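A.B. asks: Chain by chain, the residues:
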Amino acid sequence: MKILVCIKQVPDMESKFKLNGEGNWYDGTDLAWRMNEYDEYAVEQAVQLKDQLGDADLTVLSIGPERVKEMMKKALAMGCDRGAHIADDDFFKKDPFEIASVVAEFAKDKGFDLIFTGMQSQDRGSGQVGVLVAEMLGLPSITTIVDFAFDNGQITAKRELEGGMKAIVKTRTPALMTCQLGLNTPRYPTLPNIMKAKKKELLSIPVSELLKVEAKQETAKMYFPEKKGGGLVLEGSVGDLVDQLIKILKDKTAVLA
Amino acid sequence: MEFTREIYWNVGDGIGTLLPMYLLTFVSIAILVVIFMKRIKIYRQGQALDRLDHLPERILDMVKNVLLQSKVLRRAKGPGWAHGAFFWGFFLLFIGTCLIVVQADFTDPLFDVKFLKGNFYLLFSVVLDVAGLVAIVMLGGLFVRRYFVRPKGLETIKDDAIMHGLLFAILISGFVIEGARMAVTEMGTYLAYWSPVGLVFAKGMAGLGDESLRSVHQLTWWFHLLLVMAFIILIPYTKFRHIFTTSLNYLFADRGPTGKLVSLDMDDEEAESFGAAAITDMTWKDIFDADACTQCKRCQDRCPAYSTDKPLSPMKIVNQIGEVAFDKPQANLIETCSKDALWACTTCFACQEICPASIEHVQKIIDMRRNMVLMEGEFPGEEVMTAMEQTEVNGNPLGLGYASRGDWAEDVGVKPLSEDADVDILYFVGCYASFDKRNIKIARSFVTLCQAAGIKVGILGKEEKCCGEPMRKMGNEYLYQSLALENIELIKGYNVKKVVTTCPHCFNTLAKDYRDLGFEIEVENYTVFLEQLLNTGKLKLNSGELACTYHDSCYLGRHNNIYDAPRALIKAAGGQIVEMDKHRAEAFCCSAGGGRIMAEEKLGERINIKRVGMAVETGAPTLLSNCPFCLTMFEDGIKGANVEDKLNVKDIAEVLAERLA
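Top to bottom, those sequences are chains A and B.
With my numbering as the guide, the letters of the first sequence map in order to residues 1 to 257.
With my numbering as the guide, the letters of the second sequence map in order to residues 1 to 661.
Source of the hints: derived by calculation from the structure; they are not laboratory data.
Only a predicted model underlies this, so the values are computations on that prediction, with no experimental measurement involved.
Here a beta-carbon is modelled for each residue, glycine too, at the ideal position from N, C-alpha and C.
Any given hint could turn out to be false.
[What the hints assert, rightly or not] With the Cβ distance kept under 7 Å, some of the chain B side facing chain A (calculated, not the full set):
(1) Leu374
(2) Met385
(3) Asn394
(4) Leu400
(5) Tyr478
Kindly generate the complete structure, drawing on both the sequences and the hints.
C.D. replies: And the structure:
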């Protein structure tokens, strides 16, 4: 069984964000980078499936500059077999359609039985890439899965819906899954696997070889939300807090009037 | 008439006595040697480890610890002194017996030299007599303790009964022999008064008549001999073995630096296994330690995890390693010791510090943790795994953006070395004092103090990373070494003369653990650094009244023996310290060591609440600490114990900064 896992490197959300010069993306300085949270679930699910089947070949793919290889090594250490790094310093200027096309172009003749992606990225959050890839490859896709079972080509996935509802969806391979929080707990790579990962295949392919379409949308502007009022943190002992709260409620609201 | 006695009186010194006696002795010693050789094979299942460096010092330490019973008596109560006195008594009897052998079977028959005579004989006689009495009384005391008023946690096995019984029998039968001989040969002589205990026995038996006394004497003599042979044979089979193993453990003891862990070789591409899961992953010394343990439970009594009902006893860990080595070498060590027990350790070092047998508990626990983390990717909880991942990404276990690490210093006139490297000291701030709102006050106070003393301080700012200590103690040697190597390369690049830390964990790690990775720059703890500034008159403090108690953190105290500098600082600031019952080397952990700062405490009573309770008992309104982890735990513990109205906690640096003159 051949499995593809698509992952993205994103800034840690605790980072100090600044806008870039053009005002259409964030600036790269002072950021700590990590694997997109939902993509970690994708990697973990793929590795668990490999553990279940015993025989599977896992390719992990990521688009971005040289630094994404560091994150890809983590995916390799978690259990992926080979890495495909699509080298692209301008990845953030590409729209989801272009990104999906690149992935589809890479995957089209490789016969992947299953593709796992995160349900969205933590930075752009378009949530489009996974489903677009499925569409381009003509595969069924199940989005926001929180449970996954595989038995002899039959996939049974649980999806999370709005309002606390869940749905069970079945399909057969080949197919594409986008993974949601709750699907699994990503493993911590063991040291022998970290060592082995250093020797695994990690090929770099220039994005120009795979990009054959044009963008369908562009990010016109990026900006911080305007500061409006903001929260108020009260400090002090419990008695103090109560007094402060009552004063605020009296002064600024009508609830105690 | 010259004072002496006839050796082999009534049993004869002919071949009929000597041949069976020496044959039995030879056989007994041969059995002892053979059985110990078998045990050596068991020890050798473990990995190699050189513990014979500095041999002359090692031998001296061993002799001192054995003969003076130094470690047994350290902070000892009744049982320690009973053991010491028993040992000295029994040891003198052993020496006395040897002197008899030397004279009766060597110097006298070969050279006609007798030295057990005259005044020396009187001394010999009275010393052995009293030694025997002391040994019996002490043994009696230990017997009562073990079998009638047994303290909690004192494990009593078959060995203990055998040992008590045999020792009593040997000592009493010795006096019976002496008494019978004296009843026949010494009654009414001046000499008899030099064997006061023997005389009591003699008087008790005097009515039996010569003939019976001689029979009793002869029978008891042979019985006594057989008992001693049994003793020799039983040494390797019972806890008697500690006579040899514990003594040798002083020879093989870890010579420090205190608490420094063994570094794993991360560049070894051949290595397939890390840490310890099988007995063969441990060193021979780890197995030998199990044989040196006498189950005195002093470690267990001091273990903060054990005393808050967690499943850890350092003594049991050591014993379980022994069980695996001797009885089930295929067993998994981690399963045998239980994961919960291994994760519960705070590496507070109280066990190892007190151990009268020089056993090394902490490294064993870390070795097993290393296996769980590096080989299985396992942690005590998801929160710990998250903290590890946070540290990989942002260089701190709190998960805060690395770029804001130096923000606390922006308005206090301290720059990162990347902007100005011409400084007197590099202040290695550590994660908590950099990011945690409460602990930032420590950093700011320390800088204020340095500035008042005219010291120019620099920091690494956003370039600094966690020193790696909590990760290392949790078993993540790989992450620790990556962090350490980055910090080392960074600091070395800045021509730093001295590093000062306000966190004892950073201090211990930079000053000891980093040495293995090529870091040689001087590192000082802030209490020592500030005390020097105080002594040289650069730092001037007001000494207004300050009633307080002081908590010795594990990593400043037991790990680094820094007890006096912090107290001197507190006193200079007017502090009157009311000591807690457990202070200095006996201090009780705050719960945050051993990487437990990253973990939730889910089992048993909360350690920090227990420690806060001890501080409240002193009646002092302020608890002073020297460690960001301790401060965090006590802030939490004070709330948890609902004693906000009775106690507040501050770091020494905060109090000093408030009292700058």
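A.B. asks: Which earlier hints can't be squared with this structure?
C.D. replies: none
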